[in-house]
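Assemble the whole structure, with the sequences as input and the hints as a guide.
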Amino acid sequence: MRHPLLIKHTVKVKFVLIGAWNTVFAILVFIGLDTIFMYVFSRRYIAYMGAMALTNILSITNAFILHKYFTFRSRAKGVGLIMEFIRFSSTYAFVFTLSMVLLPVLVEGFHIAPKVSAALGIIISIFVSYVGHSRFSFRREDRIY
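In our numbering, the protein residues as written are 1 to 145.
Listed next, the in silico DSBU-like pairs over lysine-lysine satisfying Cα-Cα at most 30 Å (straight line):
no., residue 1, residue 2
1, Lys-115, Lys-14
2, Lys-77, Lys-14
3, Lys-77, Lys-12
4, Lys-115, Lys-12
Across the chosen pairs, the derived CB separations fall in these ranges:
no., residue 1, residue 2, range
5, Ser-90, His-111, 26 to 34 Å
6, Met-38, Leu-17, 27 to 35 Å
7, Ile-112, Phe-41, 17 to 25 Å
8, Met-83, Lys-14, 17 to 25 Å
9, Ile-31, Phe-136, 25 to 33 Å
10, Arg-75, Val-13, 19 to 27 Å
11, Arg-87, Val-16, 16 to 24 Å
Please keep in mind that the hints were generated in silico from the structure rather than gathered at the bench.
Ideal placement from N, C-alpha and C gives every residue a C-beta, glycine not left out.
Here it is in structure tokens:
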């Protein structure tokens, strides 16, 4: 059995690695979708907000799979898996709401470019999501160490 302190730090390192990957993934997806949507929609606001909404859905799915099987190594199956996904999604619903409020404030209020504003929001969400996932989404009793 591994030492609890080592396990705690290993989980944090894995979370940071997955968070870094998911950040890069989300930024690239947002840039791609925003670029496409700015040619599809006449209103710039609809383009970047639509891109952010779809980016969040794709990055949450990516993050759940990687955190479940790599970071927290959860064994939850069946109903437990569903409950885990609901808790995970609830944590991200909070993060999503935060980013959807923050994005127009930064773009419209502070006149920061949508891509830069989205990147700032994603970075903030990493910190908020770690607390939620490590304490709420993936319960200790479902983890393999």
